[in-house]
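Enquirer: This is what each chain is made of:
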Amino acid sequence: MNNQRIVELTLLLLAAFITLATVAVAAVAEGTSIEWAVIPYLALLLLLWGISHLSLRKWAPTANGLLFPIAALLQGLGVAFVLRINPDLLLRHLVWSLLATVGFIAVLAGLRDLNQLRKIQTPLGLIGVVCISIPVILKITSGEVNSSPSVQFGSVAIEPSHIGTICLVIFFGAWLASYRSRNTAEYLGEVERFDGDPSRFIPLIGAWLITSVVVIFQNNLSSAFVLVAIFLSMWWVAVGRPIDLVFFLAAVGGSILLTVGSVAEFQDRFDAWADPWSNSQFGEAITRSSFALAGGGLTGSGPGEGAAGWVAGATDQFAFVPIAEELGFMGGAAVLSSYLLLAGVGLRIATAARKEFESLLAIGIAIYFGSQAWAAIAVPLRFLPPGDLSLPFVASNGSALFACTIALALLLRISETVPVIPDRTQILSRISFKSQDTA
Amino acid sequence: MTRRLVHVGIAFLVIYGLLFFRLEMVQIVGAGNLREHPQNTREITLDFDAPRGVITTADGKTIAQTVAVSGARNRLRQYPYGSLYSHVVGFISAEHGGAGVERSHNNFLAGNELSVRIQDNRDLFVDQARTGQLKLSIRHDVQLVTRAAMAGHLGAAVVLEPTTGSVWGMWSTPNFDPNHLSSHDLQAATTDFKALDSDAVRPLTNRVEYHSSEIGSLFTIVTAAAAIESNLHDLSVSSTTSFPASQRSPAITNQDGSACGGTIKSLMVDACVTGWATIGQEIGREPMQDISNRFGLVGGDPVRTDNALRGDLKPTKLSPSAAHAAVGTAMELTPLQVAHLFATIANNGSRIQPRLVEQVRAHDGSVIHNFEPNVLNQSISKETAAKLLGLLSENVKTGTAQGLALSDVQVAGMSASRFSGSNHLWMVALAPVTRPEVVVAVLLEGDGSDDQETGEANIAAITRRITEAVLRLPNSNLRGS
Chain W
0 MNNQRIVELT LLLLAAFITL ATVAVAAVAE GTSIEWAVIP YLALLLLLWG
50 ISHLSLRKWA PTANGLLFPI AALLQGLGVA FVLRINPDLL LRHLVWSLLA
100 TVGFIAVLAG LRDLNQLRKI QTPLGLIGVV CISIPVILKI TSGEVNSSPS
150 VQFGSVAIEP SHIGTICLVI FFGAWLASYR SRNTAEYLGE VERFDGDPSR
200 FIPLIGAWLI TSVVVIFQNN LSSAFVLVAI FLSMWWVAVG RPIDLVFFLA
250 AVGGSILLTV GSVAEFQDRF DAWADPWSNS QFGEAITRSS FALAGGGLTG
300 SGPGEGAAGW VAGATDQFAF VPIAEELGFM GGAAVLSSYL LLAGVGLRIA
350 TAARKEFESL LAIGIAIYFG SQAWAAIAVP LRFLPPGDLS LPFVASNGSA
400 LFACTIALAL LLRISETVPV IPDRTQILSR ISFKSQDTA
Chain A
0 MTRRLVHVGI AFLVIYGLLF FRLEMVQIVG AGNLREHPQN TREITLDFDA
50 PRGVITTADG KTIAQTVAVS GARNRLRQYP YGSLYSHVVG FISAEHGGAG
100 VERSHNNFLA GNELSVRIQD NRDLFVDQAR TGQLKLSIRH DVQLVTRAAM
150 AGHLGAAVVL EPTTGSVWGM WSTPNFDPNH LSSHDLQAAT TDFKALDSDA
200 VRPLTNRVEY HSSEIGSLFT IVTAAAAIES NLHDLSVSST TSFPASQRSP
250 AITNQDGSAC GGTIKSLMVD ACVTGWATIG QEIGREPMQD ISNRFGLVGG
300 DPVRTDNALR GDLKPTKLSP SAAHAAVGTA MELTPLQVAH LFATIANNGS
350 RIQPRLVEQV RAHDGSVIHN FEPNVLNQSI SKETAAKLLG LLSENVKTGT
400 AQGLALSDVQ VAGMSASRFS GSNHLWMVAL APVTRPEVVV AVLLEGDGSD
450 DQETGEANIA AITRRITEAV LRLPNSNLRG S
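Quick mapping for you: the protein sequence lines, in order, are chains W and A.
All residue numbers for the first sequence refer to numbering that gives the first Met the number 0, where the first residue is 0 and numbers rise by one.
All residue numbers for the second sequence refer to numbering that gives the first Met the number 0, where the first residue is 0 and numbers rise by one.
FYI, nobody ran anything at the bench for these hints, they're computed from the structure.
There may be inaccurate statements among the hints.
Reference excerpt, derived from the structure (chain W facing chain A, CB under 7 Å, subset only) [claimed, not checked]: (1) Y40; (2) L41; (3) L43; (4) W58; (5) T286; (6) G294; (7) L339; (8) A342; (9) T350; (10) I376.
The calculated label-pair distances, taken between Cβ atoms and stated as ranges, are [as the list claims (entries may be wrong)]: (11) W:E34 with A:L75: 21 to 27 Å; (12) W:P86 with A:P37: 49 to 55 Å; (13) A:L75 with W:A156: 33 to 39 Å; (14) W:I50 with A:L75: 44 to 50 Å; (15) A:R2 with W:N2: 54 to 60 Å.
To be clear about the criterion: a stretch of chain W counts as covered by chain A if any three or more of its residues have a C-beta under 8 Å from a C-beta of chain A, and this derived list gives those stretches [to be verified]: (16) 73-82; (17) 385-394.
All C-beta atoms, glycine included, are put in the ideal place defined by N, C-alpha and C.
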C-alpha cells in the first residue's frame, strides 16, 4: 500500500521476535520459573500491536512508520521483564495496554484535524494545571507529601500527572503558536505595535509556577526536569530570547535551592544522590542499581540470569536497571538509542510540519519522550536525585503507558499531515505525456 | 525556527551522550570496583537458593551446611554451632546478602568459579550443579577455648599460628546466630537483621578484622625495632616526667606523672612513654616510617585475612612528629593487625599473610585449591626479631605484662591501656619464647564501670587462659581431618 506501513509491519515483527526471544531465553535460564499462563498475555499484547497497526493503515496511512515499532519494542521489553519480576502486575499492565490501545485508536479515528485541539486549548490547559497540582490539594487536605499522587479505583491506581503533562504540552503549543502569529502580525504592521509587551513573560511565569509546585509539593526533581525540558524546548523554538532563558533558569534554580533548604524529604533525596552508600531510605535502590549494572558488564548476565527483582521499583522507575543488567551495556545502549531515535524522529516531524502549532506540538511530544526517559535513566546512573518517574513505554505503570500512547498517536497524526513527497518519475512521465499530447 | 530546533536537538544529543558515557563508566570501567564493593550483596543474593558446599574447620567439624527441606525453597543453609562461628563463616540471607567466608568465598561455595564448576571432563558436557567445599584454618578446640575465656566480656580475641599465618581462633563479642538470618521465614529474618544492624554495639561487625582501635604504647615494639636497627638500643635516656611540646604537637607525659628513663629494656618494662618519645626523636621520622611500611602497618591496603572484603578498613597513618609516632599517637589497628605484627616478630621477622581458608575441595573431597602460607616480606632481621622477643619476655618477667606468666612455659607479651576518652585495653601473648607456636591478641572494650586495675587483671587472665589452653591442646587434633 505504502512504504511507511510496510516498514512499520516489518519492524513490528522484529519487535515481536525480540520480545518473545527475551521471554523464551529467560524461561530456560536456571532458577527462573515462568508459567505457561503468560502465553495468552503475550498473545494479547501482540494482538493489540496488530490492531494498532491496522488502525494506522485505516486512519493514518501515510503516518511515520518508525514511531510505533520503537514504542512497541520498548513496551515488549518491559513486559518481558515484568512477567518475571512481578507476575501479579501482568494482568493490570495488559488492561492498561488495552485501554491505551483504545485511546490510541480513538485519537487516530476521532482527531482528523489537529486544529480541533486549538479550540479546546483553555480547558486542556486547566485540566493540565489541575492534574499537576493535585499534590497541593492533597497537601492542604491531608498534610501528606506524595511524589506520585494517585487516585485509587479499586485495585487500579490512576496517576493524573502523566495525562496532565500531555494536556499542558498541547496548551503550550497552542498558546505559543497564537503568540507567534500575533507577533508576526505586529511585525508586519497589521496590528498596532506595543513595545515591551509584558505578555511575553506570561508563559515563563506560568511554567515557573508549575515547576515550583512540582518541586515543593511532589519533591520530585525528575518531573520538574521533564516539565522544564518540554517547556524550554517549545519556548526556545517559538520565541527564543536568550535573556529570558537566563531569568527563567535562575528562577527555577531558586525554587529548587529554597526547597532543598526547607523540605526534609527533598533534602533526603539530595543526600541519597550525593551519598547513596549511607542513606537507607532512597539510597538503597541506587546502590543496588549500581551493583546490578556493574554485575551486567558489557554483554550482560543474560536474560533470566540477573537479580532482576532485587532493586525496588525494578518494574517502574528503575525499569532500565534489570534490562541493562541482563542485556548488558549493549542492551542498555540499545534502549537509550531507541529513546534518542524516538525523540529524533519526533523533532524531524516537527521540522516538516506545515503549521506552527503542529510543529510545536511535535517538539513538545518528542521532548516529552526524550526527557522523561532521560530523567528516569538518570536516577540509577546518579545524574539526578531519586524521583519517581516511570520509564516511558517500558514501565509497568499504567497511567504513564496510557499517556505515552496518546502522545504517540498525536505525533503520528502530525507526521501524517506532512505531505508525501510525490514520486518524481511519475511526474516526469506525466509531463512528457502532456508534452507529447500538445505536440 | 528551524535553526533553534537544531539547538534543541543538539542539547538532547549532549545529555544523552552523558548517559551513554555514565552507563559505560558504571558497567564497564567501574564495574570491577563495584562488584567488590563491601555493600554489594547481589552475587550472594543470587546464590541463596543454589546448591552450596559445606564449610569445615581444620579439625574436621562441619560449621556450615546446606540441607534439603520441603517448601517453596528446597534448600536451607544451616550453621550447626550457631553463634560460635558467626564472625568466621558469616551468613547468607535471601534479602540481606551475606558476610564472612560465606560472602568472600561465595564463588567457590556456589560453584561459580570455573575451577569448581568443571571438576572433570564430563562436566564440560553435562550441566550439573557442582559446589566447592571449604576447609578453614580455624580449629574447633581453639575456638571453644577462646569463647570460654571471653565469656561476659565485650571485645575480640584472635589466635594466630606465627609460622604459617593460620588463624586458629577468631572471636568477637557481641555476635549473632547466623541460622536466624539464613531462615526461609523472610519476615523474621528481616526483623532480626534490622535489629542486629541498628544495634549500637554492632553485633554484625567482626571486630577482629573490621574494628580499628588506638593501640597506644603497643606501638613501642616497632619503635624498639627501629632503635635496634639504628644501633640506639644501648642509648640511655635521662629520666624525665614529660617530653616537651613542640610547635605543632602537644607534650607527652607519663600516665601517672612519674619520672622514668634508661635503655630500651627499662623503657619497655616500665612502659615509659616519655623515654620512647625521646628515642623516637633520636631515630627520626624517616626510619620510623620505613619500618612501619615493612611491618605493613601504614599506607596501602591494611592487613587482613583472605576472607576480609575490600574497603572496610581505613589505612593507618603515622603521626607527623617523630616523638608522637614513636609512642603510637593516633595509630589505630584491628586485633588481627596487632596479632599479625607480633606474629612477624615471633616468626623471625618473616611476615606471613594471615589466612583463614586453607583449601577448596571438590564434591568428592579432592583438593582443587591449596592456599599455602604466603610470605609477604622479611620485615626485620632475625637478630632484631630475637632481641625484640627478649624484650617482650622481659616484659612478662618484670614489666607490665606480668599477669601472663605461666608456670611451665616461658611467655612473652605486652599490654596497653589508659587511652584518653576510651576504656579499651590491649594484650598480646607469644609462647613459648624459645620458638613461639602461638600468638594471642585480645582487645577488651570496657564500659568504664571497671576501674583500671580490674580491667588489666581481667584482660591478663583472659589472654593467659587462652594461651595456656591452646598450648595444652594436642596438635594431633589437626591430623584427624
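Enquirer: Look at each hint and say if it fits the structure.
Expert: Hint check:
Taking 7 Å as the C-beta contact cut-off toward chain A, the hint placing Y40 (chain W) at the interface is violated, the least distance being around 23 Å. Given the 7 Å rule on beta carbons, the hint for L41 (chain W) is violated: about 25 Å separates it from the nearest Cβ of chain A. A least Cβ separation of about 29 Å between L43 (chain W) and chain A goes past the 7 Å threshold, and the interface hint is therefore violated. With a cut of 7 Å, the hint placing W58 (chain W) at the interface with chain A is violated, because the nearest CB-to-CB distance is about 28 Å.
At its closest, the beta carbon of T286 (chain W) sits 6 Å from a beta carbon of chain A; the interface hint therefore holds under the 7 Å criterion. Interface hint status for G294 (chain W): upheld, as the beta-carbon distance to the closest one in chain A is roughly 5 Å, under 7 Å. For L339 (chain W), the shortest C-beta to C-beta distance to chain A is roughly 5 Å, which falls under 7 Å, so the interface hint holds. The closest approach between the C-beta of A342 (chain W) and any C-beta of chain A is roughly 6 Å, which is under the 7 Å cut-off, so the hint is satisfied.
Hint on T350 (chain W) holds. Least Cβ distance to chain A is approximately 6 Å, under the 7 Å limit. For the restraint placing I376 (chain W) at the interface with chain A, the shortest Cβ-Cβ distance is roughly 6 Å, inside the 7 Å limit, so the hint holds. A beta carbon spacing of about 25 Å between E34 (chain W) and L75 (chain A) agrees with the range 21 to 27 Å that was offered as a hint. Separation of P86 (chain W) from P37 (chain A) is about 33 Å and departs from the stated range, judged on CB atoms against 49 to 55 Å.
A C-beta distance of roughly 37 Å is found between L75 (chain A) and A156 (chain W), which places it inside the suggested range of 33 to 39 Å. Checked against the given bound of 44 to 50 Å, the beta carbons of I50 (chain W) and L75 (chain A), roughly 49 Å apart, stay inside it. A hinted range of 54 to 60 Å for the beta carbons of R2 (chain A) and N2 (chain W) is inconsistent with their spacing of about 30 Å. Look at the segment 73-82 of chain W against chain A: 0 of its residues bring a Cβ nearer than 8 Å to a Cβ of that chain, fewer than three, so the hint is violated.
A stretch counts as covered by a chain when three or more of its residues have a beta carbon under 8 Å from one of that chain; for the segment 385-394 of chain W and chain A the count is 0, and the coverage is violated.
Of the numbered hints listed earlier, those contradicted by the structure are 1, 2, 3, 4, 12, 15, 16 and 17.
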